[in-house]
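S.K.: Sequence:
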Amino acid sequence: MVLVVEVMRLMDGGMPRKGAVELVAKESQASSLPPALQKAADKANARKGSTRRGVGKSSLQQWLSDYMAADNASERLATLAPGKIQVKQPETIGWLPDFLAIYRDPRGFNISEAYRRFEKWWAQEFAGQEDVLEAMPSMDAVRRAMKKLPVVVSQKYRVTGSAWRSLNPFIRRDWEQVPVNGVWVGDGHNMKLDVLHPIHGRPFSPEITMVIDARTRFIVGWSLALSENVIAVADAIRHGVQHHGLFGIYYSDNGPGQTGKTLDADVTGILRAIGHRGWRR
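Using UniProt numbering, the first residue of the sequence shown is number 1, and each one after it goes up by one.
By construction, these hints were calculated from the structure, which means they are not laboratory data.
Just so you know, not all the hints are guaranteed correct.
Unchecked claim - What follows is a list of derived Cβ distance ranges for each label pair:
no., residue 1, residue 2, range
1, Lys-57, Phe-218, 56 to 64 Å
2, Gly-161, Lys-18, 41 to 49 Å
3, Arg-107, Leu-246, 48 to 56 Å
4, Lys-147, Pro-169, 14 to 22 Å
5, Pro-106, Gly-13, 47 to 55 Å
6, Ser-166, Gly-94, 26 to 34 Å
7, Ile-199, Val-153, 41 to 49 Å
8, Ala-123, Thr-92, 21 to 29 Å
Stated by the list, open to error - With a cut-off of at most 30 Å between alpha-carbon atoms, the simulated DSS-like pairs for lysine-lysine come out as follows:
no., residue 1, residue 2
9, Lys-18, Lys-43
10, Lys-120, Lys-156
11, Lys-43, Lys-148
12, Lys-147, Lys-18
13, Lys-57, Lys-147
14, Lys-18, Lys-148
15, Lys-120, Lys-147
16, Lys-26, Lys-57
Keep in mind the model is a prediction, meaning the values are calculated, not measured.
Glycine residues also receive a C-beta, built at the ideal position from the N, C-alpha and C atoms.
Take these sequences, add in the hints, and give me the full structure.
M.R.: Here is the structure:
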């Protein structure tokens, strides 16, 4: 933090931001800063085994931006803590949405072309604001930020239709065409709480199994059990059928509670007992 304060002191004295950053960085690398500042500069090299002295211009420029973006002294201390390597998340990069607004174009600009357009926009948007103009991210910074984004985020609006849907980790289905009770979806979840076990008395998390109607998102059946098992699933289905009638298709994952013969055995399975044949995993 003392290095950032030194840069701001130089700026208050009339030196441009770029010049102040370059001066402090250069003197830190030459070990010509005052002892207290030089000690801070050497300590700022948080990478284990590093023999480099001082700090680089880009690092100091980023620290200055982080310092100016912080709302209070506590945030500044947390952000610029000595020995802390900053891993910047994409959502905290202030200029990234502006770059994405240019990159996300159906014409499919590559990063180099998008950067040239971004550079032109930056110059026009911040004309006359020298500090901001000097803080424009480099091409390398843009590429690093883009690598951190999931492809489904970076390619949004660049591709459409089936090409866009293929990038998603799931398929959003249109349930409006399915009748009520047409498809039930079931799954078990370990409850996010601890209660006393009814047998041994120690804390444990019970398993709740829920069955929803896909069309209405209404919970048609549920059961509570000591652990995930096929009886709990069968009980949830029983509860749903008892109160809301027979379903068309039951959809589930391949978990141990969903695949037992108690459910779909040819003669003794609960689905056969209620005269049902629809089952999908």
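S.K.: Any hints from earlier that this structure breaks? Give me their numbers in increasing order, please.
M.R.: none
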